[in-house]
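Colleague: Work out the full structure, taking the sequences as your base and the hints as a guide.
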Amino acid sequence: MTTTADWLDIGWVDQIPVRGSRTIQVEGGDDIALFRTAEGKVFALLDRCPHKHGRLSQGIVHGGAVACPLHNWRISLSTGEALGEDKGCTPTVPVKIDGGRVLICRASTLKAAA
Amino acid sequence: MEHRPLKPDADTRKHLVVVGNGMAGCRAVEELLARDPDRYRVTIFGAEPRVNYNRIMLSPVLAGEKCFDDIVINDADWYASNGIALIAGDPVAHIDRAAKTVTTRGGTVETYDRLLIATGSDPFIIPVPGKDLPGVIAFRDMDDVDTMLAAADAGGDAVVIGGGLLGLEAAHGLSLRGMKVTVVHLMPTLMERQLDEAAGWLLKNALEARGQTILTGADTAEIVGDGKVEGVKLKNGTLIPASLVVMAVGIRPSTALARDAGLAVGRGIQVDDHMVTSDPAVLAVGECVEHDGQVYGLVAPLWDMCRSLADGLVEKPTGYRGSVTSTKLKVSGIDVFSAGDFSGGDGCEDIVLRDASRGVYKRVIVKDDRIVGAVLYGDTADGNWYFDLLKRQEDVSDLRDLLIFGQAFAAGGGAADPKAAVAALSDDAEICGCNGVTKGQVVSCIAKGAHSLDAVRGTCKASASCGSCTGLVENLLALTLGDGVQSGPKTMCKCTSFGHDDVRREIVAQAMRSIPEVMQKLHWTTPDGCSSCRPALNYYLLCALPGDYVDDQQSRFVNERLHANIQKDGTYSVVPRMWGGLTNPRELRAIADVVERFNAPMVKVTGGQRLDIFGIKKEDLPAVWADLNAAGMVSGHAYGKALRTVKTCVGSEWCRFGTQDSTGLGVKLERMSWGSWMPHKFKIAVSGCPRNCAEATIKDFGVVCVDSGYELHVGGNGGIHVRVTDLLCKVATEQEAMDYCAAFIQLYREEARYLERTAPWIERVGLDYVKAHIVDDDAGREALRARFLYSQSFSQDDPWAQRAEGAEAEHHAPMARFTPQEAFA
Numbered sequence: 002m003t004t005t006a007d008w009l010d011i012g013w014v015d016q017i018p019v020r021g022s023r024t025i026q027v028e029g030g031d032d033i034a035l036f037r038t039a040e041g042k043v044f045a046l047l048d049r050c051p052h053k054h055g056r057l058s059q060g061i062v063h064g065g066a067v068a069c070p071l072h073n074w075r076i077s078l079s080t081g082e083a084l085g086e087d088k089g090c091t092p093t094v095p096v097k098i099d100g101g102r103v104l105i106c107r108a109s110t111l112k113a114a115a
Numbered sequence: 054m055e056h057r058p059l060k061p062d063a064d065t066r067k068h069l070v071v072v073g074n075g076m077a078g079c080r081a082v083e084e085l086l087a088r089d090p091d092r093y094r095v096t097i098f099g100a101e102p103r104v105n106y107n108r109i110m111l112s113p114v115l116a117g118e119k120c121f122d123d124i125v126i127n128d129a130d131w132y133a134s135n136g137i138a139l140i141a142g143d144p145v146a147h148i149d150r151a152a153k154t155v156t157t158r159g160g161t162v163e164t165y166d167r168l169l170i171a172t173g174s175d176p177f178i179i180p181v182p183g184k185d186l187p188g189v190i191a192f193r194d195m196d197d198v199d200t201m202l203a204a205a206d207a208g209g210d211a212v213v214i215g216g217g218l219l220g221l222e223a224a225h226g227l228s229l230r231g232m233k234v235t236v237v238h239l240m241p242t243l244m245e246r247q248l249d250e251a252a253g254w255l256l257k258n259a260l261e262a263r264g265q266t267i268l269t270g271a272d273t274a275e276i277v278g279d280g281k282v283e284g285v286k287l288k289n290g291t292l293i294p295a296s297l298v299v300m301a302v303g304i305r306p307s308t309a310l311a312r313d314a315g316l317a318v319g320r321g322i323q324v325d326d327h328m329v330t331s332d333p334a335v336l337a338v339g340e341c342v343e344h345d346g347q348v349y350g351l352v353a354p355l356w357d358m359c360r361s362l363a364d365g366l367v368e369k370p371t372g373y374r375g376s377v378t379s380t381k382l383k384v385s386g387i388d389v390f391s392a393g394d395f396s397g398g399d400g401c402e403d404i405v406l407r408d409a410s411r412g413v414y415k416r417v418i419v420k421d422d423r424i425v426g427a428v429l430y431g432d433t434a435d436g437n438w439y440f441d442l443l444k445r446q447e448d449v450s451d452l453r454d455l456l457i458f459g460q461a462f463a464a465g466g467g468a469a470d471p472k473a474a475v476a477a478l479s480d481d482a483e484i485c486g487c488n489g490v491t492k493g494q495v496v497s498c499i500a501k502g503a504h505s506l507d508a509v510r511g512t513c514k515a516s517a518s519c520g521s522c523t524g525l526v527e528n529l530l531a532l533t534l535g536d537g538v539q540s541g542p543k544t545m546c547k548c549t550s551f552g553h554d555d556v557r558r559e560i561v562a563q564a565m566r567s568i569p570e571v572m573q574k575l576h577w578t579t580p581d582g583c584s585s586c587r588p589a590l591n592y593y594l595l596c597a598l599p600g601d602y603v604d605d606q607q608s609r610f611v612n613e614r615l616h617a618n619i620q621k622d623g624t625y626s627v628v629p630r631m632w633g634g635l636t637n638p639r640e641l642r643a644i645a646d647v648v649e650r651f652n653a654p655m656v657k658v659t660g661g662q663r664l665d666i667f668g669i670k671k672e673d674l675p676a677v678w679a680d681l682n683a684a685g686m687v688s689g690h691a692y693g694k695a696l697r698t699v700k701t702c703v704g705s706e707w708c709r710f711g712t713q714d715s716t717g718l719g720v721k722l723e724r725m726s727w728g729s730w731m732p733h734k735f736k737i738a739v740s741g742c743p744r745n746c747a748e749a750t751i752k753d754f755g756v757v758c759v760d761s762g763y764e765l766h767v768g769g770n771g772g773i774h775v776r777v778t779d780l781l782c783k784v785a786t787e788q789e790a791m792d793y794c795a796a797f798i799q800l801y802r803e804e805a806r807y808l809e810r811t812a813p814w815i816e817r818v819g820l821d822y823v824k825a826h827i828v829d830d831d832a833g834r835e836a837l838r839a840r841f842l843y844s845q846s847f848s849q850d851d852p853w854a855q856r857a858e859g860a861e862a863e864h865h866a867p868m869a870r871f872t873p874q875e876a877f878a
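Read top to bottom, the protein sequences are chains A and B. For the first sequence, my numbering begins at 2 and goes up steadily by one. For the second sequence, my numbering begins at 54 and goes up steadily by one.
No wet-lab data here; the hints were simulated from the structure. Just so you know, nobody snuck in bad clues.
Just some of the chain A residues that point at chain B, by a computed CB distance under 8 Å:
#, residue
1, Leu9
2, Ile11
3, Arg20
4, Thr24
5, Gln26
6, Val27
7, Leu35
8, Lys53
9, Gly60
10, Ile61
11, His63
12, Ala68
13, Thr110
Yeah, the Cβ is synthetic: ideal placement off N, Cα and C, and Gly gets one too.
Modeller: Below is the structure:
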């Protein structure tokens with residue numbers, strides 16, 4: 002599976018540490034953060050906390066959430082919504098795994114760059 | 054046989070020799086010591102090579118809910134501090150009543166003035182062919198548990214013969230440990246001595262739903278196997294494969310020793326109301342005795358017996374009058390309680406409540422307006438109340454309509470008020486079944502100053518074993534003290550019910566080695582913790598296992614993962630270490646070059662006498678570090694819960710007021726302590742005179758030099774709540790200042806909670822505590838210092854150099870880059 006009209010091929014799943022994150026740089030726009038949970042699920046979000054724009058990719062991944070490194074807001078990896086008392090939402094980017102490769106949605110990536 | 058006196062000292066007190074180091078023997082000694090600690094010299098013989106532990110807690114050990122250390126009742130310190138000689142692992146083989154001596158299997162001879170036999174009971178092994186095959190065991194002591202754990206590691210099938218209390222707890226534990234378990238029970242229903250048919254049936258269904266096979270009315274014909282156990286054959290011809298067979302069909306009082314000595318023995322060793330046998334010099338207590346025709350196999354009667362025994366030993370006899378017993382099954386998630394007589398009969402009336410959908414069954418048996426028995430399944434909250442009414446022979450005619458709905462309703466409240474329920478219990482109502490503690494004892498222990506749950510557990514032991522009565526104890530605290538209850542330490546986070554101190558203690562006690570192991574063993578409620586507990590656990594493990602623990606990078610805050618400080622715009626700041634605040638042209642040039650080469654928008658002198666380079670991108674960090682390394686600089690750890698900086702003034706080398714070489718000492722302290730991870734950031738300063746230009750009295754560890762030596766100050770910080778240091782002590786030499794510093798850091802590292810700075814830590818534990826460990830205890834200080842230096846031998850490895858050479862490059866480089874063109878393509 003390689004890059005297609007709809008999907009961008011990013012790399013191997015194994016390149017993302019378990020309970021960790023990697024980033025994708027999109028020129029002229031926000032980075033996209035890829036997360037891999039302890040269960041092995043992969044998620045993609047804009048690398049920007051809805052609160053003070055902290056780099057979510059640098060936070061601690063636990064369960065299905067990431068804690069922002071700046072003020073410890075917890076952001077759901079699947080919906081991008083802030084959890085608990087906090088209110089706010091980070092745009093998510095559709096992601097899929099095919100043959101061990103990570104693919105993200107081309108249209109959403111472009112929107113992020115816009 | 055040679056005579057080897059064990060305590061050939063000039064102690065003239067009467068000698069009490071106790072045969073049996075189990076729950077009865079040690080409890081009897083505890084009761085005696087509580088009444089008159091000096092009356093007897095005490096020697097205890099135990100067959101097992103261990104200190105005294107709580108045998109009824111073996112089931113939770115097997116089930117993995119406790120470890121051996123959790124169930125120790127009296128540790129080695131208890132024996133030592135009470136002057137008790139313990140001979141463990143060498144059982145007494147013979148009693149000579151004429152000579153008043155006991156002889157062990159190993160040949161040790163000891164004379165006694167009073168002898169106490171507390172040999173407990175032996176498991177009953179049914180006499181079927183194959184009973185002696187390897188792999189056939191009982192469930193009686195820690196060795197049996199070890200055998201079962203080893204068998205469970207290998208997996209496979211297990212058969213438990215006996216569906217009583219002990220058998221079901223063994224089956225539950227083995228099942229949790231992954232074995233396929235079959236329970237073979239002779240009688241038609243489980244636990245028939247404690248439960249009626251209905252409750253037994255509910256229990257059978259619940260256990261079957263958990264994957265166990267329960268065969269009732271099943272009679273064992275033989276245990277088959279060639280050289281080791283391979284299966285169990287029933288009389289109906291069924292063959293059940295098994296690599297482990299646990300016999301739990303019952304126990305028999307262990308009377309052989311007494312019988313050989315010529316004491317009167319029936320079903321058990323016969324004793325009077327003061328636990329004296331047919332020989333006035335010999336006493337007996339616990340499961341090995343027969344009192345008034347009764348033998349007991351449960352723990353509660355033992356507490357009563359020990360009280361009467363001790364009263365007799367100090368010549369204030371009270372007399373034991375027999376016990377009414379109650380039972381709880383320790384199978385987590387299945388609540389079963391029974392007490393008294395439920396066999397029915399003339400004049401007995403049953404009050405029964407069934408709630409099939411909730412799986413609740415309650416039956417209270419009343420005779421002549423008094424409760425004579427109770428069986429509860431599924432909801433055992435009122436067990437203690439029924440048992441209390443039963444023991445007190447209370448007239449329940451007024452309560453009868455509502456009796457079955459429990460205490461809250463019967464008392465007229467309607468809504469349950471747990472405090473009112475506890476308040477209504479009588480003083481001799483049992484609160485803690487594991488340790489035999491009554492309500493009156495808990496209340497008096499609270500009145501004597503135990504104002505927190507931990508303090509109660511530490512003194513009278515109520516709720517210290519299985520913990521099921523914790524709620525009752527908490528309510529007693531609230532009732533007795535009102536608002537004066539000291540709440541226990543807060544839990545670490547929402548992922549666990551344990552506090553920081555509990556978690557640390559368990560990590561060390563159970564020799565845990567990884568974060569997943571801690572979460573598993575301490576029942577974390579989340580799969581992989583949260584951003585609060587993971588960094589704390591990572592630190593606690595790192596501190597407990599220097600050089601051994603593999604740091605979990607994903608459990609580090611970003612600054613410690615990237616070895617730089619994240620700023621609000623997502624860039625990083627970089628602070629190279631400058632030992633004691635000293636620098637030189639080469640370092641300054643390298644810093645200047647880095648600033649220009651990477652277009653750092655700002656450089657600033659920090660409060661800790663370092664240079665901070667701002668605005669470095671994550672991807673550029675390894676290259677920045679490589680340049681700084683090349684000039685001889687290493688990480689300043691300005692980003693870590695770690696030793697930050699040692700701030701100094703110029704001292705005696707330049708300053709006209711300086712009394713000592715404060716700069717030199719600062720450099721030495723920083724060389725010693727850099728790279729160490731701490732519960733929180735840690736700052737040091739050294740001032741050359743009391744003018745204190747280095748502001749040493751608001752640092753975690755501060756040295757103020759004076760003419761005659763060095764004042765050592767601890768526990769200061771700036772920040773929101775400024776705290777000035779406390780004076781720890783004054784020392785004469787530079788080396789002492791270094792040694793005390795290392796010891797203080799290590800005490801803080803080992804005992805403070807994660808994210809607790811030295812200031813709140815010292816406020817919590819008190820300066821006297823710190824002084825006792827660092828100043829008063831020379832050996833302790835030296836041990837702390839040695840542990841710190843050992844730990845440092847693994848941590849003084851510049852993390853920047855490793856990254857600059859390419860380690861963990863994935864932390865710095867993006868996984869992919871796209872330009873809009875590519876994305877459009």
